[in-house]
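Asks: Here are the chains, one letter per residue:
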Amino acid sequence: MKGWTTFTGQAVCLDVNDIDTDQLIPARFMSQPRVEGYADFLLHDMRRNADGTPKPDFILTQHPDATVLLAGKNFGSGSSREAAVYALLDSGIQVVIAESFGDIFASNAINNGVLPAVVNPENWHALRRAVSKSSIDCKVDLDTATLCMGQHTVAFTIDEAWRLKLINGKDDTDLTRDYQSNIDQFRKIRYQQYPWARPAAQN
Amino acid sequence: MTLPRTLLDKLWAAHEIVQREDGTSLLWVDRHLVHEGSHHAFAKLATRDTPVAEPSLTFGVADHYAPTRNRLHIEDATIARMINTLLANTQHHGIECMGLDDPRQGIVHVIGPEQGLTLPGLLINCGDSHTSTHGAFGALAFGIGATEVAHVLATQTIWQSKPNAMRIRIDGTLPTGVTAKDMALHWIALLGNSGAQGHAIEYCGSAIDALSMEARMTLCNMSIEGGARFGMIAPDDTTVNYIEGRPYAPTGDDWALAKQDWQQLVTDAGARFDREVSIDANSLAPTLTWGISPDQAIAVDALIPNPAELDEAKAHSIRSALEYMGLEAGQAIEGTPIDQVFLGSCTNARIEDIRSAACVLRGKRSKVPGLVSPGSTAIKAQAEQEGLDKVFIDAGLEWASSGCSSCVGMNGDTVAAGKRCASTTNRNFRGRQGRGSRTHLMSPMMVAAAALHGKIVDVRSLASSETPS
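If you read the protein sequences in the order shown, they are chains A and B.
Residues in the first sequence are numbered from 9 upward in steps of one, following my numbering.
Residues in the second sequence are numbered from 66 upward in steps of one, following my numbering.
Keep in mind that the hints were calculated from the coordinates and are not lab data.
Don't be surprised by glycine CBs; every beta carbon is placed ideally from N, CA and C.
If a hint is listed, it holds; no wrong ones were tucked in.
Using 35 Å as the maximum straight-line C-alpha spacing, the simulated DSBU-like pairs for lysine-lysine come out as follows: (1) LYS227/B x LYS178/A; (2) LYS227/B x LYS196/A; (3) LYS324/B x LYS196/A; (4) LYS10/A x LYS81/A; (5) LYS455/B x LYS432/B; (6) LYS178/A x LYS75/B.
Some chain A residues near chain B, calculated using beta-carbon distances under 10 Å: (7) VAL24; (8) ASP26; (9) MET38; (10) PRO41; (11) MET54; (12) ALA58; (13) VAL93; (14) TYR94; (15) SER108; (16) ILE112; (17) LEU172; (18) TYR202; (19) ALA208.
Please put together the full structure from these sequences, using the hints given.
Replies: What follows is the structure, given as structure tokens:
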């Protein structure tokens with residue numbers, strides 16, 4: 009994953025609350041290896057008819073080049089499937105703006121360089137009016153934690169550790185290696201103190 | 066003097082290796098459970114040629130794609146590939162895996178506790194949002210995504226920011242016909258599907274103390290449906306009695322020491338919670354969902370909400386839920402005809418759930434078809450020993466093997482578009498059980514009652530011989 013500080017793209021609004029990860033990617037597509045790309049699965053049943061043809065009035069059909077999604081609250085609730093983020097990312101979506109996000113989704117988004125930007129209800133409605141039913145230029149700045157759409161520049165909130173992680177773009181596993189001696193020491197003490205914490209030996 | 070601490074504080078501190086300046090903690094992971102869906106994480110390891118740090122603390126099981134019929138001759142190539150990939154990945158890394166032919170196989174959140182892998186005081190991760198189930202034992206258990214699964218595999222640790230603490234106190238006695246599932250649906254409806262976001266929930270109170278481990282698991286399992294990644298209950302004698310003698314549970318001196326240590330796993334008097342909620346168990350009724358989010362739940366004798374009586378923001382989502390579900394605003398939910406039933410999932414497919422449903426169905430016929438998939442192969446065997454399989458088969462329902470099955474439909478056990486299913490599962494999202502499927506979440510007893518009548522009925526209205534207490 010590559011770090012980033014500013015991002016400029018096209019924003020569209022999907023004014024639906026509670027877009028859970030089952031809607032972001034229905035379970036039946038999750039057996040696909042990532043290399044084949046997850047773009048076609050994004051919001052599959054919301055944007056496509058039963059025969060697979062795209063619904064012409066759906067916002068992502070009209071604006072397939074959108075890279076910023078202004079969405080209803082509780083975005084990404086439900087299942088822990090990281091494939092929901094893959095589907096967004098493989099479709100080019102780098103930023104999702106909402107009043108709230110599912111906890112696991114938000115964490116998965118960060119791990120893939122996707123920003124889950126939380127805005128307050130007042131700002132959300134201002135942005136929605138700015139986007140209207142079309143698309144609009146959007147600039148996101150992680151340094152200042154602000155985003156700009158048309159005339160509106162609004163602040164978004166994000167956990168400080170997550171903000172830095174998006175900017176640094178470093179893999180956690182590499183960072184964790186720096187703490188290997190702490191881990192080894194902890195492990196030793198844990199099993200001295202709590203020998204029962206290991207799975208009992210099996211015959 | 067040390068400040069009074071919550072159970073969350075104690076579990077967190079016991080696993081914290083370091084805390085970074087930004088407040089994020091590196092936590093030690095005691096158990097890591099993997100399933101077919103973990104293929105992305107194993108693929109990440111493979112690209113960097115990274116070994117699994119602690120194979121002996123990692124356990125695999127086939128559940129998400131597990132066929133519930135004719136499972137040793139899998140016809141679907143994709144399903145076979147998913148299961149074979151899990152077997153190959155676990156074997157490659159020296160991880161014990163419970164495949165389809167293993168008598169210990171079952172749904173990951175059912176077999177963890179059943180095998181004694183789940184213990185109080187442990188930190189348990191799994192790439193599945195219902196990992197909160199294990200919190201019923203006083204464990205710090207939470208679901209993670211694929212990147213985090215890869216990190217745990219590679220390091221046996223996880224970076225996390227400590228959630229806020231929330232306490233849901235449920236005092237009183239559950240009325241007959243009311244279960245832990247109803248408790249869960251009730252609080253989620255009360256607080257909303259994101260009401261507990263950012264929080265770890267501790268459930269306590271006399272009604273919680275009275276619950277069996279199976280029921281506690283049902284309650285903790287549903288935590289994520291109210292937005293909480295963590296749900297937990299302090300361990301007590303019920304917990305200890307459940308664990309004793311299970312295959313991976315501590316023995317001998319370790320068992321004695323464990324029991325002693327587990328006594329400390331309680332919230333101290335006066336400890337501060339960021340949020341507290343109280344519920345009276347006596348006031349609860351059988352509760353079920355009418356809509357497309359787990360918080361769209363009402364008591365069985367209540368009316369479906371009428372958007373005309375609500376503000377526009379709420380009205381909009383209710384109207385779209387009613388449209389999807391094919392229901393009328395302001396009508397009674399009771400009496401709604403159903404097309405089929407499903408009894409299964411990590412929420413409600415333990416032996417107690419099977420027994421309670423069988424008690425309602427015994428000697429009677431279901432008016433609709435349905436599938437019963439026990440939570441594990443061991444539960445299936447236990448139920449068969451008790452003759453419960455015959456109760457379901459005689460009622461006209463299908464008695465199948467164990468897996469996630471129709472809760473998520475990955476194995477092909479789906480509900481057809483437009484069909485209405487009374488289900489013991491955890492999610493009634495649009496298309497969760499299959500594209501266009503309509504799901505009503507409820508307790509196993511309520512599902513059994515719905516099967517008997519071919520429509521949603523109040524299990525309390527059945528003859529008392531049919532309602533287990």
